[in-house]
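In order, the protein sequences belong to chains L, P and U. First residue of the first sequence? That's 1 in our numbering, and the numbers climb one at a time after it. First residue of the second sequence? That's 792 in our numbering, and the numbers climb one at a time after it. First residue of the third sequence? That's 1053 in our numbering, and the numbers climb one at a time after it.
I should point out that these hints are in silico values taken from the structure, not numbers from a laboratory. Backbone N, C-alpha and C define an ideal beta-carbon position, used for all residues, glycine too. Possibly wrong hints are sitting among the right ones.
[Stated by the list, open to error] Derived list of chain U stretches under chain L, where covered just means 3 residues or more per stretch with a C-beta under 8 Å from a C-beta of chain L:
#1 1054 to 1063
#2 1084 to 1096
#3 1104 to 1116
#4 1139 to 1145
#5 1160 to 1171
#6 1192 to 1204
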Amino acid sequence: MASLVGSRVERKEDKKLLTGRGKYTADVNFVNQAYAYFVRSPHARAEIKKVDISKASKASGVVAVLTGADISNDKIGGLIAGWRIKSEDGSDMKVPAHPPLASETVNYVGDHVAVVIADSLDEARNAAELVKVDYKVLKAVVSTQDAMNSDQIYKDIPKNLCFDWLLGDRAKVKEAFDKADKVIKIDLINNRLIPNAMEPRAANADYNPSTEEITLYTTSQNPHLARIIISAFNGVAPENKLRVIAPDVGGGFGSKIYPYAEEVVCSWAAKKIERPVKWVADRTESFLSDCHGRDHVTHAELAVKNDGTFLGFKNETIANIGAYASVFATVTPTYLFGPCATGVYKMPAAYSNVKAVFTNTAPVDAYRGAGRPEATYTIETLVEKAARELGMDPAEIRMKNFPTQFPYQQTLVHSVDSGDYVTGLNKAMEVGDYKGFEKRKKESASRGKLRGIGLCSYFEACGIAPSPVVMMLGCGIGLWESAEVRFNPTGNVTVFTGSHSHGQGHDTTFAQIAADQLGVPIENIEISHGDTDKGPFGYGTYGSRSLTVGGTAIVKACDKIIAKGKRVAAKMLEANVDDVEFSNGEFVVAKSNKKKTIGEIAFACYLPGTYGEVKSPLPEGEEPGLKETSFFDPANFSFPAGSHICEVEVDPETGETKVVKYTAIDDFGTIINPLVVEGQVHGGLAQGIGQALYENCHYDESGQLVTASYMDYTMPRADNFPDFDLGFTCTPATSNPLGTKGCGEAGAIAAPPAVMNAVMNAIGTEISMPATAEKVWKACNENKKTNSEAA
Amino acid sequence: MKTFNYHSPKETKEATKLASSNSVFLAGGMTTIPSMKLGLASYKDVINIKGIKKLSGIKVSGKTLKIGATTKHAEVAQSKEVKKSIPSLAALAEGIGDPQVRNRGTIGGSIANNDPAADYPSACIALNATIHTDRRKIDADKFFRGMFETCLKTGEIIESIEFEIPAKSNYQKFPNPASRYAIVGVYVAKHKGGVNVAVTGAKSCAYNDKDLSSALTKNFSSSAVQNVRVSPSGMNSDIHASAEYRANMVKVFAKKAVEAC
Amino acid sequence: MKKVTLEVNGKKITKEIQDHAVLSVFLREVLNLTGTHVGCDTSQCGACVVHVDGKSIKSCTALTVDLQGSKITTIEGLAKNGKMHPMQEAFKKLHGLQCGFCTPGMVMSAVDLLKNNKKPSDTEIREWLEGNICRCTGYQNIVAAVKEAASKM
């Protein structure tokens, strides 16, 4: 059987999704279900004086109106921050309580105050208007930059400061800067984004009074994590009485990693009223209450020699984490950001200092790339500026500072196992016809357009591991992954993974891996995920970890199956175990024609004896059945890397900027399914270009979200993009047997600086993201003015 | 969305009788339905007027083109009569919203709603349109009163819009990147009696830019536009575009329109 | 409540429904045709696109009572005799979908495009899909799939 790894296998999950047979949480209905509608704060910051539910409780169809007082009476715990960060002075981070329904204060527009549960959604919504909340409105803290000098939001959190974290050595950096010929400085804003998975969040919780079990259907990237948090921290039900099912999930990009207040409330309420409770977010609620992404204000400096050699780097960042510390909110701007901020370069000395601040805005958490886009944007715009100021070619300055020996110990944390950055950049320049740019620029100019070119070389650290190390750094969970490979008696296979697809194509890629390992046709392999009652505990899908960690767990479980298969085959074939070899689905006794297929072995394992024609006694002491589980904890992160080149055209009359050519060369190690990997890169690029040119979350001074709909938040559409040119280089990862590296976030990491460097190259001025038409137009005009004054 | 009583009259008179201060006429519903869903509007009665036959259709007679109020954007965009008589109007319709909106949204609905960033109001003004209602004829320059405001009375139904066929015309839109409505849209139309330059998106209501119109009446060329000062005063300013930027874009898109005429 | 009669995916259906029930609600909650998705509910995202009398519309912004007597095709009605429509086949072949949430609307919109334009260019495809937002694919494989389907139809 030909190997499936590396081939463009069409996705197994597509038929159902293409014919309308997918099953998303909003498609799940229970008999007698009631509908939840949340009363949310219209104010960014206020004290709750009184919540009057008397009218709402009597409204038509209303089953229950529950408030923060009820949740506190029932001792339902708050939402949690999952990663403890320590400040430079050794003190623990400070986080406010985050009750699923607020009872004392509300801290962002959209914060949950009460829930109305009724027989129909219309009735719930109408009754919600009758809940009267008496607020004392307080001055909101909105600006990231000014948060530390604004009113204090929480009594116990001075300066609204969650932590003041340092990674690196300030003294060494000072030494390096003292030796520099030149110091390049940059001030940046990494614009706040709203993830906008197309499927709005939803939950449907069903309580079974006879078994006292809650079944929660939810839009989660991570049902096991949802179960443990809702159980252990919120205390809604013991873990063995809570089943969490995430059926088909319509995108997440980070925003569905962690459980939200609504899932806690629906589960708790379903038990309380002994009826299923369904909630589906409308798009406005998604904008207001999904966790947002990015939102950094950064000052960074690069010390260089005149020949372009980098000597040192410093990074001072304020990260806005919103009103509460969400699950991965604290690790995103620290360990996911700081280490990567020195980029893909040899950097003798570096530090990253991050101050995380609370504001009266929606919580900010991991969003595609989580910390690494911010890091890459910082270093890559700084490097581009260095090239400009030193009069060097942007490619040359990068080449000069790439490490060439691997494994490479990166300055701040990572030991990068493999990579070849020189080849990557060379290939990007070749595929993207770097040399031909001037000609294309002239052609654009003949049409009145300004053309610019921008580079980005990146590396990133994904598939966070190993668990003992990340736990030492403050992580409250492990980051291994599980797999269970279950042969059914008739020889087909079900593989359970703790990872969970929300569009990545696990059903196909994981089946390719299992098919290759076991020699079973791919159509006989079913991948099962998303149901805590089916497979073993796992950590879900985010941070480009599924394949490297979850895929490897499958390989390991298959290894165990094969080991057992060899013992059983040896017995059946009357051979020595050591003489049994396994390939292409067959156990063969060396130097003989004696063999058994893996299907026959599976059958034997389930019928361990002699019955008519069946003669399959198991070896002595061997348990019947053929099912193996593996929990894989990798020794290291994986480190995808690459070089992207973007070309833009600017219309100086309007400032409109379009990406007209984009070349992405990535090293994801071994690629299992190129079709899927290309799709991941395309999607990441669209989100990265979206951040650079279109998307921006905007709160006004009072903390009202101005961009709360598709009328005001620019979602990139088909006509915003050209076709992207992709290419790959391959240095296999050494930290997993497949040699794979994560690919899901690379596009979103590399694109923003590539695009912005191209824009700045086109207009000759620094400009902040997103480079909207008006901003670019203003920059063009100022240039014109400066130039004419100079003349 | 709050509940309401739905009606589907077959005659204008019947529709008018059903109307009250707490009712709305429903054509394509492209604004009315989302507004009701978002809680921005609610009505006791929703009166569908798409069943009234005489409100739809496209007809050229002499110097004018008449389009029934419930004619859909896609019908205008694809109409041979419109393409032949006023191609810029067909192009404008082709640029409204997206294909699904064009398959449902109507010209009458658009102008009755008078969104400050809608396309059709600028066409009405530039093309000296007459709005025919069930009770009177209204000149376009009197019809549009302000943001989401027209001179229509309660229960008054637009039956058709009659456009003067110009010698030359063109519409150029600079779309809002999020909503795809006009940040500015400029409709230039050269008639025997002079040039109109109708602008949408820039202010609270579409308007005829008198300075640009008179400059182009004297000299129909893009260089004539260049010398006109467009003031940002009174222009919209929001997260997508400042007044100053809009003022400049009015000129840029007026030039583009003249050049494309 | 009003009585409506519609033909949905070739089947004649008569139901009593609320005056304010939009088509997406009718399809999903009354007929259990949950392939039509609701992503924004205000007619921007396009996840709810279906065909009414052969033309694509956004079902979240059409009252069911307004469609009396219409023929409606949803994503569930596109495959014939268990065989997927060439557009569906092309999306599968070229990986034109990831999470699948926008996909039903995207496919229905693309099928309507090919009714109007048998051999659309890349630009025409990208412009036509203006009303369908996809957050996963970056659109590239969707455009390729529409072209592939055009070549097969």
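A quick look at each hint next to the structure:
| no. | hint | in the structure |
| --- | --- | --- |
| 1 | 1054 to 1063 | violated (count 0) |
| 2 | 1084 to 1096 | holds (count 11) |
| 3 | 1104 to 1116 | violated (count 0) |
| 4 | 1139 to 1145 | holds (count 4) |
| 5 | 1160 to 1171 | violated (count 0) |
| 6 | 1192 to 1204 | holds (count 4) |
The earlier numbered hints that this structure contradicts are 1, 3 and 5.
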